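Chains as they are written, first to last, in my numbering: chain A, 1 to 251; chain B, 1001 to 1308.
Please note: incorrect hints may appear among the correct ones.
[To be verified] EDC-like cross-link-like pairs, simulated, lysine to aspartate or glutamate; straight-line CA separation at most 16 Å: (1) Lys-17(A) / Glu-1095(B); (2) Lys-17(A) / Glu-1114(B); (3) Lys-82(A) / Glu-1087(B); (4) Lys-1180(B) / Asp-1204(B); (5) Lys-17(A) / Glu-1292(B); (6) Lys-1252(B) / Glu-1292(B); (7) Lys-1129(B) / Glu-1119(B); (8) Lys-1142(B) / Asp-1168(B); (9) Lys-1129(B) / Glu-1118(B); (10) Lys-1220(B) / Glu-1201(B); (11) Lys-82(A) / Asp-163(A); (12) Lys-1142(B) / Asp-1122(B).
If you're looking for bench data, these hints aren't it; they were derived computationally from the structure. All values derive from a computational prediction rather than experimental measurement.
Listed here are the chains, written in short residue letters.
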Amino acid sequence: MAGVLWLFWKELVRFSKVAFQTVMAPIITSLLFLVVFSHVLEGRVTVYEGVSYTEFLVPGLIMMSVIQNGFANSSSSLIQSKITGNLVFVLITPISYFEFFVAYVAASIVRGLMVGAGILLVALILVDVPVHSLTVIVTFALLASAILGALGIIAAIWADRYDQMAAFQNFIIMPLSFLSGVFYSIHSLPSFWQTLSQFNPFFYMIDGFRYGFFGVSDVPITTSLSICLIALTLLSSLTLVILKSGYKLRA
Amino acid sequence: MKNGLAVTIENVHKRFGAVHALNGIDFTIQQGEFFGLLGPNGAGKSTLINALAGLVVTDSGHLSVMGFDVRTQYRDARSRLGVVPQELVYDPFFEVRETLRFQAGYFGLGREVEPWIEELLDELDLADKAETNMRSLSGGMKRRVLIGQALVHKPPVVVLDEPTAGVDVELRRQLWSLIKRLHSDGHTIVLTTHYLEEAEELCDRIAILNRGELVALDTKEDLLARGISRTLHIHTREPARTLPPSLADKVKCITDDYIELTFNLGREESSVMQVLDTIRDAGVNVIDIRVEEDDLEDVFVQLTREAD
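Generate coordinates for the entire structure from the input sequences, incorporating the hints supplied.
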């Protein structure tokens, strides 16, 4: 088995060892959102014709968790290894910068998909969610977790301290994921906020993902898909350039 | 590829801002050598080692391990190099055996490495800690795991960066005997240290770095021979005023019981005899004689001071 697979495997074992925190906790949080919001808003808000608010909420909550956990996996693992210094044991091996990228992003994808699947399975107990296209659902989940995995690598390399990392998470990832149409359609927003939302890349991840369930979305699916693919290409390229340069990893 | 060379360092430069951390370092290490890299703190020892391991990217010059360039042939170079870092770094998520298994995996090693991991655990006296989380180990045990991680892919060249810094006497002895065993098994050993006693005890050849420059590179014996001298201490009960002028300026201290005369000597045996002849001719009564040999520390201090 090649070195890159071992690094990937190490990343999986790492988050599995704390699965209660890395997988169970986000599932429970999402379910709490689902129960509370659907209880309060069910019957009062109709976003799409023929779709109950609780149904509408499920894909958004799943995608929000995929986004947050995809980011959390690569960023927290990498910053811990960087700050405690054990990253040298990876840096002195024959593993290339590209393989390094692949291992961390792949682990982010696995964690994102596990959390997402977990939320879906439990949500199905509470509400019937239709599936319009499984291919679209899986494609967007893969894209989103990969994009956030790459972003997590960038953030962890950039941050020198845990509080800088936390700031990245709390002031960028969290607001962008909350304000991306998880709880509403952007058509229900005033036009200024509608326009602003269109600059939020997470909006397209959620909108496209939701299309996979209901066959309807705020913007055409091709637009969401293109924007996600562009985001993945740009962020992956940036991550690879940073890793290749050795910025903050190799002096 | 140059045969017989474990490490080649050719005119390596590295600057960190205004600091010239490595200033044209140039030397080679033969396969099978026990090589010491000495120098005061900030001399550039760790920078040089990290450059070898690919953790520091040099500004110019070439470095290679077993003939493989550390930049252009990094996969080959790194798989032939084992590095024991100076700090006790570990991943708190994993147990000892897992740590070693993953490390071997990063080098692309499959199941075939598992017997070797068991052997390492035994050798490093960690067998009963194999399933213990890294966090729960003592400092000495963590140090041994670091050594295990450096050896897990069976590299021909092993670099130890201050392996005994902050280690108690007993563990230091244990580590020394382990490192000696690695050397006798055929590994090329590169050891950085600022414990001169350690270099004196272990190394065949020694490079001394100071402020990024190589100030000495020689066998241990030749380096010691460069020492200023030996020092001869003679105690006598004669009153200082009765000493002839040729001896009066050799008085180092006067106590109630004796006067101590000290003579800085060359390496030749005859010089001791010359001093003793002078003493006898002056009719001085000797109660004690002691000869002090310079050690590596004196040489080191002298060389790093000269360079200043």
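For this session: Compare the structure with the hints numbered earlier in the document and write down the numbers of the violated ones, lowest to highest.
Result: 2 and 5
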